[in-house]
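Student: Whole structure, please, built from the sequences with the hints as guidance.
As given, the protein sequences belong to chains L and E, one line each in that order. Last residue of the first sequence: 152 (the numbering used here), numbering continuous. Last residue of the second sequence: 654 (the numbering used here), numbering continuous.
Calculated from the structure, these hints are not laboratory results. Mixed in with the good hints there might be a few duds.
Claimed, not checked - Label-pair restraints from in silico Cβ distances:
hint, chain 1, residue 1, chain 2, residue 2, range
1, L, Ala71, E, Val634, 20 to 30 Å
2, E, Pro170, L, Pro146, 24 to 34 Å
3, L, Ala21, E, Met290, 43 to 53 Å
4, L, Pro117, E, Pro209, 37 to 47 Å
5, E, Pro170, L, Thr39, 53 to 63 Å
6, E, Leu348, L, Tyr141, 49 to 59 Å
7, E, Met290, L, Pro117, 56 to 66 Å
No residue lacks a Cβ here, since even glycine has one placed at the ideal position from N, Cα and C.
Spelled out from the first residue to the last, the chains are:
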Amino acid sequence: MSVATRRGEVRKIASGSIFLAFGVAGIVMALGYNLGTPTHVGPGGFPLILSIILAGLGLASLVQGWLAPYAGGLGSWRARAIYLIPLSVVFFGVTVERFGLIPAIVGTTIIAGLANPTIRLIEIAIMCVALAAFGAGVFVYGLDLPFSLWPD
Amino acid sequence: MDAILHSLGSGFGVALTPDNLIYCLIGAALGTVVGVLPGLSPVTTIAMLLPITFKMPAVASLIMLTGIYYGAHHAGSTTAIMMNMPGEPTSVVICLDGHPMAKQGRAGPALCVSALGSFFAGCVSVGVIALFSPPLAMIAQSFGPVEYASMIVLALVAVSVITSEDAVTTIAMAVLGLLLGTIGTDVSTGLMRFTLGFHQFDDGLNFVAVAVGLFALAQITANLGAKTTRVLAGKVTGLIPTRADLKAAWGAIWRGTALGSAIGIFPGTGPLIASFASYSMERRLAKDPTRFGQGAIEGVAGPESANNAATFTHFIPMLTLGIPAGAPMALMLAALMIQGITAGPQLMTQHADLFWGVIASMFIGNAMLLVLNLPLVGLWIRLLAVPYRFLYPLVLVCCCIGVYSVNNSAFDVLFAAGVSLIGFLFVKLKCSPAPLILGLILEPMLEENFRRALLISRGDASVFVTQPISLAILVATAALLVVFCAPALRRRAMQGAEEGID
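Tutor: Structure (structure tokens):
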């Protein structure tokens, strides 16, 4: 498809769809709770109102986007950071209780470091040591947060 | 007046204790670091450090967090002047004339004038907080559930429409925040709503995890995707401005201070809009407007003063009504809640030591910032040489530790990782997360007041338009919607800002 024939603003269509999806899901779930009466609004009442507004705004955004001229795509999605940054956080969450703070920090730093394609291995190694020392020193010894440093 | 001075005096008693002085200094210094470094925002830093303030006394934690916030706004201009790149989004206007000054070898005077302007604006606008908060809180105390519900709607709409071109998207973000705020236990019936079976959501979504995911983590991902080059312009030789510089700057400083103080009070506006407004005002007032963009000192002094004045008066709605005027204020409100303190009109009377202690600390912090920014400016400029690739792993590790520490819950960390994916999607789709965060934190208050209002009126929703104060608030809300959503009108309202960007 040539650029000239493309239409619609991708950004608005995508965000509108997200809002519409949340709105519809909210309506369906809120209807499952007691809506109450106007005087005694039940637990489902307020979420239902919000969901209807959200679905309406989502639909409006969708229509706006559909009618608008093509305004370019969303840019590149190929950056490694998109999955490596969340993954590094997940690594921390999974390991911190089982293996202790220092292994969690080291792993998180390695994964996060790899998110930057220009990083050198020696830099990652230095950061691992520095951040592990920083984390243990400031948060465990300094602020007395209840982390175990190493696997029990 | 006497009562205010007396309260302020006791506030200084709180703020001048050695512990609180140190927290104030830590806050101001951290804020300066964050402000100088592009890619690290005060919202990120506050979200990241929020959990470690739990163990601190309430006054100390708020003194430190506010210090980070205004310290960052104070220092953001350094980066703008030296590198033509805003250290904080709000200092983007300073690039326009500050950077040309630096290229002409006048970085020193530009830095000096912006530090002096910030200091002056800071002192005046903290005075405005002290002076205007007590009467405002008094008025707010007469507000019932009807007025409160309308007020929250006004704040949410204002934050949504003023900050973005695309009102449908930003209002939808606010409503999405409200809807996410309903997750958890329903206060009046004890029913679990929308928890999807996760008992971790019983007390609602973890606010810190959402804030860290949306702001800090998503921003790291976005920053790594973007290509940036940093070039330092020239050296700082002498800091002292010439007499002509000072004469030209002085008028701009007090005009910017007045404008910024007034603009900052309203939800949704804040430092960025204040600095744009000041820039266009200075250009209009100038005898020779063509100097602007080529290193006019008024173009640095005015916006920088307006920026800092608005930074402080931005606190007023949160301190007097319990309604945050923007995303950083929402995080301050969360910090208070975590300490078990309800913000609102009763804050000033029930927690007088906290309220006045924080205000007094703002005066002290301003003085500290003047020292931190003027004699030590070379140190911060050297900090600009630290590449982002060493910075973001540090932020990331602090985020993980912070989110975990809220409830000592690994689940929260995983949740924050999930939120960061959605947050990155929002960055790509240009959906500002600020209205969402505001909606999330204001939902319990809005729903409670909404339901109580209907209970009192026996289910008659017209009560929102028959009560005069509520009607006035809703008319103002409608006016905002009309002005900012009608494209022609909007263009006129934002003309100043656009001129600034050109």
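Student: Evaluate each hint against the coordinates.
Tutor: Comparing the hints with the structure gives:
A hinted range of 20 to 30 Å for the beta carbons of L:Ala71 and E:Val634 is consistent with their spacing of about 25 Å. Judged by the Cβ atoms, the range 24 to 34 Å given for E:Pro170 and L:Pro146 holds: they are separated by roughly 27 Å. Checking the proposed 43 to 53 Å range against L:Ala21 and E:Met290 shows it holds: the Cβ atoms sit about 45 Å from each other. Hint check: L:Pro117 to E:Pro209, Cβ distance near 45 Å, so the stated range 37 to 47 Å holds.
The hinted window of 53 to 63 Å between E:Pro170 and L:Thr39 holds, with their beta carbons roughly 55 Å apart. Distance hint check for E:Leu348 and L:Tyr141: the Cβ-Cβ separation is about 39 Å, which falls outside the suggested range of 49 to 59 Å. Between E:Met290 and L:Pro117 the C-beta distance comes to about 58 Å, which sits within the given range of 56 to 66 Å.
Taken one by one, the earlier hints fail for this structure only at number 6.
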